[in-house]
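Whole structure, please, built from the sequences with the hints as guidance.
Read top to bottom, the protein sequences are chains P and W.
In this text, residue positions in the first sequence follow the numbering used here: the first is 1, and each later residue adds one.
In this text, residue positions in the second sequence follow the numbering used here: the first is 206, and each later residue adds one.
Derived by calculation from the structure, the hints in this document are not laboratory data.
From a predicted model like this one, the values you see are computed outputs, not experimental measurements.
Fair warning: there could be bad hints in the mix.
[Stated by the list, open to error] Just the calculated beta-carbon pair ranges, DEER-fashion:
1) P:L5 to W:H208: 46 to 54 Å
2) P:L180 to W:L359: 51 to 59 Å
3) P:P52 to W:E340: 36 to 44 Å
4) W:P243 to P:Q30: 29 to 37 Å
5) P:T27 to W:V248: 43 to 51 Å
6) P:R31 to W:H215: 22 to 30 Å
7) W:Q272 to P:L120: 44 to 52 Å
8) W:L410 to P:L5: 32 to 40 Å
[As the list claims (entries may be wrong)] Here chain W is said to cover these stretches of chain P; the calculated rule only asks that three of the stretch's residues, wherever they fall, bring their Cβ under 8 Å from a Cβ of chain W:
9) 3-10
10) 167-175
Think of the CB as a built atom: it goes at the ideal place given N, C-alpha and C, for glycine as much as any other residue.
Number of protein chains: 2
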Amino acid sequence: MPHTLIHPPHTPLLIVISGPSGVGKDTVLQRMKERGLPFHFVVTATTRPQRPGEVDGVDYFFLTHDQFADMIEHNELLEHAIVYNDYKGIPKQQVRQALASGQDVVMRIDVQGAETIRSLCPDALLVFLSTETEEELVGRLSQRKTETPEGLKLRIATARQELKRLELFDYFVVNADLQLDAAVDTIVAIIEAEHHRTRPRRVTL
Amino acid sequence: MPHTLIHPPHTPLLIVISGPSGVGKDTVLQRMKERGLPFHFVVTATTRPQRPGEVDGVDYFFLTHDQFADMIEHNELLEHAIVYNDYKGIPKQQVRQALASGQDVVMRIDVQGAETIRSLCPDALLVFLSTETEEELVGRLSQRKTETPEGLKLRIATARQELKRLELFDYFVVNADLQLDAAVDTIVAIIEAEHHRTRPRRVTL
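If you want it as structure tokens, here you go:
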């Protein structure tokens with residue numbers, strides 16, 4: 001005779017790590033990967049230039065503008081946006097396949113993109129990554145050597161606006177200087193907790 | 206100049222560990238205490254006889270029926286109920302003081318009591334502790350040597366009813382045989398996650 005399971009069914013989560021530019025979304029994702037956590041990490045498609053150390057197909061799919069336009073045309077992106085003059089997009093098929101196999105899917109995305117994911121999938125799990133204070137965020141953005149003064153000003157203004165969008169998200173996680181692992185620990189705890197909800201999130205895309 | 210904090214304010218949680226008789230609520234609470242977690246563990250008042258090893262004022266406040274009646278009369282209990290012919294109740298002042306000091310408050314309570322807490326405080330964090338399967342729960346209840354056949358039958362029937370109240374709770378945690386620490390880890394993860402909600406629970410009593 002089969003045993004009568006009491007608990008709600010296991011359902012995979014769609015986990016969105018977002019937050020203003022400069023909070024360390026890539027670094028947090030990188031550390032999560034290093035820990036060998038059993039999630040599917042979405043590889044974002046982008047037209048931005050490959051940075052030193054980045055691997056095509058691992059960190060991003062680095063595409064030409066033509067290739068990116070093709071993906072948009074064939075409706076192969078879950079969402080896409082122009083982020084500081086570069087296109088970024090989430091390949092739809094990749095996310096669907098991972099969810100169908102029962103895996104939790106983790107993606108990093110800008111605040112605007114997170115908003116799109118929320119409207120596509122109200123039950124997505126949205127994590128807002130940030131610094132402790134606004135001053136710390138501005139300080140971090142200012143230290144980036146890759147910025148022109150105009151680029152920096154734009155990023156700071158955008159970040160300030162994005163901090164006001166907190167209520168769009170489910171959770172707020174501080175990624176403090178030198179405390180990367182604490183931020184990752186919290187994200188892992190959130191995912192663990194979410195798998196124990198009595199009313200599981202229903203992820204459909 | 207003060208720094209502009211981004212994150213929501215820290216608010217203490219009212220954490221209710223509940224579930225059918227026999228799932229190990231006391232054992233889980235005991236292990237949480239042993240770990241030295243920074244929570245206030247509510248000491249429940251009860252008229253049931255002290256069991257070997259239990260300490261008055263630590264495990265429970267062991268009261269006579271007269272003393273318990275006085276507490277009810279003076280409205281000093283958050284809730285109280287007759288559980289298998291014994292009175293149990295949550296001292297109100299103790300909970301309020303701990304919350305006022307900013308501490309998370311953890312209490313164990315039967316399913317009926319959890320329902321009362323939910324109606325008193327809709328933002329309480331309710332955890333349903335259970336076994337993996339219904340058969341396992343029945344098996345555990347049957348192994349208790351302290352039960353009369355009638356007592357056992359009543360507990361099993363009640364447990365079966367209580368399993369249907371899952372939707373009253375926020376989270377479901379399995380306390381499997383020999384995996385007590387896994388259950389405690391999950392509860393700790395839930396509390397950690399809950400402190401990172403963008404919309405904190407508002408606990409008022």
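Hint by hint, which ones does the structure fall short of? Violated hints: 3 and 7; rest satisfied.
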